[in-house]
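Keeping the supplied structure of chain A fixed, place chain B upon it in accordance with the hints.
Single-letter residue listing:
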Amino acid sequence: MQTDTAVLSLRGISKNFGAVAALTDVDLDVSAGQVVAIVGDNGAGKSTLVKVLAGVHRADTGTITFADQVAAIDSPAAAHSLGIATVFQDLALCENLNVVENLFLGREIRRSRLDEVAMETRSWELLRQLSAKIPTVRIPVASLSGGQRQTVAIARSLLGEPKIIILDEPTAALGVEQTAEVLNLIERLRERGLGVIMISHNMEDVRAVADRIVVLRLGRNNGVFDAAEVSTEDLVAAITGATDNVATRRVRERENR
Amino acid sequence: MTQTKTAPALDLLDERLRRGEGLKPALGAIADRIRSGDLGALPIVVGLVVIWTVFQILNPVFLSSANLVNLLMESVSVGVIALGIVCVLLVGQIDLSVGSVSGLSAALTAVTFVGSGWPVWLSILAAIVAGALIGWVYAQMVTRLGVPSFVATLAGLLGFLGLQLWLLGSKGAINLPFDSGLVHFAQLDFVPAWLSYVLVAAAAAGIFLTGYSLARARRAAGLSGRSTPLLLARSVAVLLGLGFAVWYLNQARGVGWLFVAFVGLVLVLNYVLTRTAWGRAVFAIGGSVEAARRAGINVKRMYTSVFMLCSSLAALGGLIAAARLAAANQASGAGDVNLNAIAAAVIGGTSLFGGRGSAFSALLGILVIQSISSGLTLLDLDSSFRFMVTGLVLALAVALDSVARRSRAAHGRA
Chain A
0 MQTDTAVLSL
10 RGISKNFGAV
20 AALTDVDLDV
30 SAGQVVAIVG
40 DNGAGKSTLV
50 KVLAGVHRAD
60 TGTITFADQV
70 AAIDSPAAAH
80 SLGIATVFQD
90 LALCENLNVV
100 ENLFLGREIR
110 RSRLDEVAME
120 TRSWELLRQL
130 SAKIPTVRIP
140 VASLSGGQRQ
150 TVAIARSLLG
160 EPKIIILDEP
170 TAALGVEQTA
180 EVLNLIERLR
190 ERGLGVIMIS
200 HNMEDVRAVA
210 DRIVVLRLGR
220 NNGVFDAAEV
230 STEDLVAAIT
240 GATDNVATRR
250 VRERENR
Chain B
0 MTQTKTAPAL
10 DLLDERLRRG
20 EGLKPALGAI
30 ADRIRSGDLG
40 ALPIVVGLVV
50 IWTVFQILNP
60 VFLSSANLVN
70 LLMESVSVGV
80 IALGIVCVLL
90 VGQIDLSVGS
100 VSGLSAALTA
110 VTFVGSGWPV
120 WLSILAAIVA
130 GALIGWVYAQ
140 MVTRLGVPSF
150 VATLAGLLGF
160 LGLQLWLLGS
170 KGAINLPFDS
180 GLVHFAQLDF
190 VPAWLSYVLV
200 AAAAAGIFLT
210 GYSLARARRA
220 AGLSGRSTPL
230 LLARSVAVLL
240 GLGFAVWYLN
250 QARGVGWLFV
260 AFVGLVLVLN
270 YVLTRTAWGR
280 AVFAIGGSVE
290 AARRAGINVK
300 RMYTSVFMLC
310 SSLAALGGLI
320 AAARLAAANQ
330 ASGAGDVNLN
340 AIAAAVIGGT
350 SLFGGRGSAF
360 SALLGILVIQ
370 SISSGLTLLD
380 LDSSFRFMVT
390 GLVLALAVAL
400 DSVARRSRAA
410 HGRA
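Just so you know, the protein sequences line up as chains A and B, in that order.
Numbering follows numbering that gives the first Met the number 0, with no gaps: position 152 of the first sequence is 151.
Numbering follows numbering that gives the first Met the number 0, with no gaps: position 335 of the second sequence is 334.
No wet-lab data here; the hints were simulated from the structure.
C-beta: ideal position from N, C-alpha, C; glycine also.
Heads up, some of the hints might be wrong.
As a list, the in silico SDA-like pairs of lysine to any residue whose alpha-carbon atoms are at most 20 angstroms apart [to be verified]:
| hint | chain 1 | residue 1 | chain 2 | residue 2 |
| --- | --- | --- | --- | --- |
| 1 | B | Lys299 | A | Pro75 |
| 2 | A | Lys50 | B | Glu289 |
| 3 | B | Lys299 | A | Arg106 |
| 4 | A | Lys162 | B | Ala294 |
| 5 | B | Lys299 | A | Ala91 |
| 6 | B | Lys299 | B | Ala276 |
| 7 | B | Lys299 | A | Ala76 |
| 8 | B | Lys299 | B | Glu289 |
| 9 | A | Lys162 | A | Ala31 |
| 10 | A | Lys50 | B | Arg293 |
| 11 | A | Lys50 | B | Leu222 |
| 12 | B | Lys299 | A | Ser74 |
| 13 | A | Lys132 | B | Leu11 |
| 14 | A | Lys132 | B | Ala8 |
| 15 | A | Lys132 | B | Leu9 |
| 16 | A | Lys50 | B | Lys299 |
| 17 | A | Lys50 | B | Arg292 |
| 18 | A | Lys132 | B | Leu222 |
| 19 | A | Lys132 | A | Met118 |
The calculated label-pair distances, taken between Cβ atoms and stated as ranges, are [as the list claims (entries may be wrong)]:
| hint | chain 1 | residue 1 | chain 2 | residue 2 | range |
| --- | --- | --- | --- | --- | --- |
| 20 | A | Ser80 | B | Trp117 | 44 to 52 angstroms |
| 21 | B | Leu121 | A | Gln128 | 40 to 48 angstroms |
| 22 | A | Ala77 | B | Trp277 | 21 to 29 angstroms |
| 23 | A | Arg191 | B | Arg300 | 32 to 40 angstroms |
| 24 | A | Gln68 | B | Ala201 | 53 to 61 angstroms |
Isolated chain A, as found in the complex (with noise of 0.2 angstroms):
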């Protein structure tokens, strides 16, 4: 939270399939060295947002600014060049290859062959700015576990130099140890001044380490928080879009208890 001049910012996106509003006059603002959280109930269009800036769907009305320029993300390569990376739920790493080989995919250092002494060395370096515990990196990403894996797909799209790294529920599926470790991982890339979507659906995890939270719901805007004062309570509220509902009871028997 250095500075309050956004790298990226959205206004008035909307996105249609055909008759249903996935996005609804949306903003966000995402500056640099900050973790920006995305929550929201299913279907409440988190992940065609995302789609959005990672230029897998493009936006029907809206403006996308990037670095004080107005950017058209129309191509995944296109969200790569202006310095978007995104990291999807499924990893998309290749199971059989090594994590030098998953690390450097596509983009290979190679003089007349693949430089492997090269490649190796900018893996364990860039493993060690993040902290990451993986104890080797030439066996199968297979045998990693899902926070490792996790570790490896987000070095992966640090090779970019990207401003803007994009999560998509880099939590979901992990033990708690894990979860731990990538929230660590969170922290680290906001310390190396990256601006950080996550988007979650585990209100702790969101509260843990963003340091705003922009809640969507039913494609629109319901609301921005500062992680540091919002309640779960008044998160729930927003994701649900009622202040009585069964899922606001139970937070705040909880809460009471």
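What follows is chain B alone, placed relative to chain A:
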């Protein structure tokens, strides 16, 4: 950790790592790998020893120099075809038409070379270009129309067999002149004894030097490298093993240039698969097409190049078969060529599920197939037995592949 004088290498810092550097840990790592189902070339070596022992007991001629020389020469044509199959299997596809394509290529060479009087190099080039074109058509069917490669190449199997028969016409066979360079190369050109030993020494030296320079580059970059004694031991083993094999073959006619060319082709393909971005992309696609696509690999172009390479190698294999026989006929590429090529790749350790394998599996696999074929021929058993035994070995190899795959998954290896 006896080798390191200073701080441990960059890649050996993690305390959970169980291996250090040196000879003993290296052997331990190999044992670990095998136990977890990463079998490598072990089953095939064991298989070869069993097959050779059985046939030697049944017929003492089997392991004679003369028979082994023949065995190697006979294995080249299908071996070259199997190299192409390895590539197709690595990207998780299949080409069932390699037999027909090889037959077509034999017919095409014979018709243009003997029938139309083209120079031999032009006939060879035409056959290989035709092969590449066939591969291109398959790739278009697979990538643009979404036809499974299994079906596209099955159609090709029939279609190109028909084209081969039509080309050969009513005669059904065209003999290649014995005095042509092609036939001479395939049948009579052998490496002089002294040169064969020089080649073996060069191979051992080459293995040591590449290993040593890699280890030095890794140490310079602060990574662990293989220790020099280990590298020396490896290349001495190669020197002795290959040296003995060549000496034994030299008791008869020696090593054919044709076989040397085949080994050269295997080495080139191995280099391309393991040391170039193209090879890395082949393995990536075999592992996960979606991941490869998102990494920016042009999957369609990769499929196209792999199918073209496979068909071209099939055409080359057909050419070699015709040259060995000094004729192209209706039986060229027919019968068991197709399945032998696929069986060789699989028996040699290339997975049917994509993403695992190596160029050497074609070499090792074809040695098994050809040993069976040669042994049964020596026993005066006809092709009925050959089919049954080869079928059994193929079933065993595929079963082993599946079991090893499950074991690897359980032990966390890809």
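The hints, checked one at a time:
1. Lys299(B) / Pro75(A): holds (17 angstroms)
2. Lys50(A) / Glu289(B): Holds, at roughly 16 angstroms.
3. Lys299(B) / Arg106(A): It holds: about 18 angstroms lies between the C-alpha atoms, which stays within 20 angstroms.
4. Lys162(A) / Ala294(B): The hint holds at about 19 angstroms.
5. Lys299(B) / Ala91(A): Status holds; Cα separation ~18 angstroms.
6. Lys299(B) / Ala276(B): holds (16 angstroms)
7. Lys299(B) / Ala76(A): holds (17 angstroms)
8. Lys299(B) / Glu289(B): holds (12 angstroms)
9. Lys162(A) / Ala31(A): Given that 20 angstroms is the threshold and the Cα spacing comes to 7 angstroms, the pair holds.
10. Lys50(A) / Arg293(B): Holds, at roughly 13 angstroms.
11. Lys50(A) / Leu222(B): Violated, at roughly 39 angstroms.
12. Lys299(B) / Ser74(A): Roughly 18 angstroms between the alpha carbons, so the hint for Lys299(B) and Ser74(A) holds.
13. Lys132(A) / Leu11(B): Satisfied, since the Cα-Cα distance of roughly 13 angstroms is no more than 20 angstroms.
14. Lys132(A) / Ala8(B): holds (16 angstroms)
15. Lys132(A) / Leu9(B): holds (14 angstroms)
16. Lys50(A) / Lys299(B): violated (23 angstroms)
17. Lys50(A) / Arg292(B): holds (16 angstroms)
18. Lys132(A) / Leu222(B): At roughly 18 angstroms apart (the allowed maximum being 20 angstroms), Leu222(B) and Lys132(A) satisfy the hint.
19. Lys132(A) / Met118(A): holds (18 angstroms)
20. Ser80(A) / Trp117(B): 44 to 52 angstroms: Between Ser80(A) and Trp117(B), where Cβ atoms are some 51 angstroms apart, the hint holds.
21. Leu121(B) / Gln128(A): 40 to 48 angstroms: violated (58 angstroms)
22. Ala77(A) / Trp277(B): 21 to 29 angstroms: Since the Cβ atoms of Ala77(A) and Trp277(B) sit about 26 angstroms apart, the hinted range of 21 to 29 angstroms holds.
23. Arg191(A) / Arg300(B): 32 to 40 angstroms: holds (35 angstroms)
24. Gln68(A) / Ala201(B): 53 to 61 angstroms: Between Gln68(A) and Ala201(B), where Cβ atoms are some 59 angstroms apart, the hint holds.
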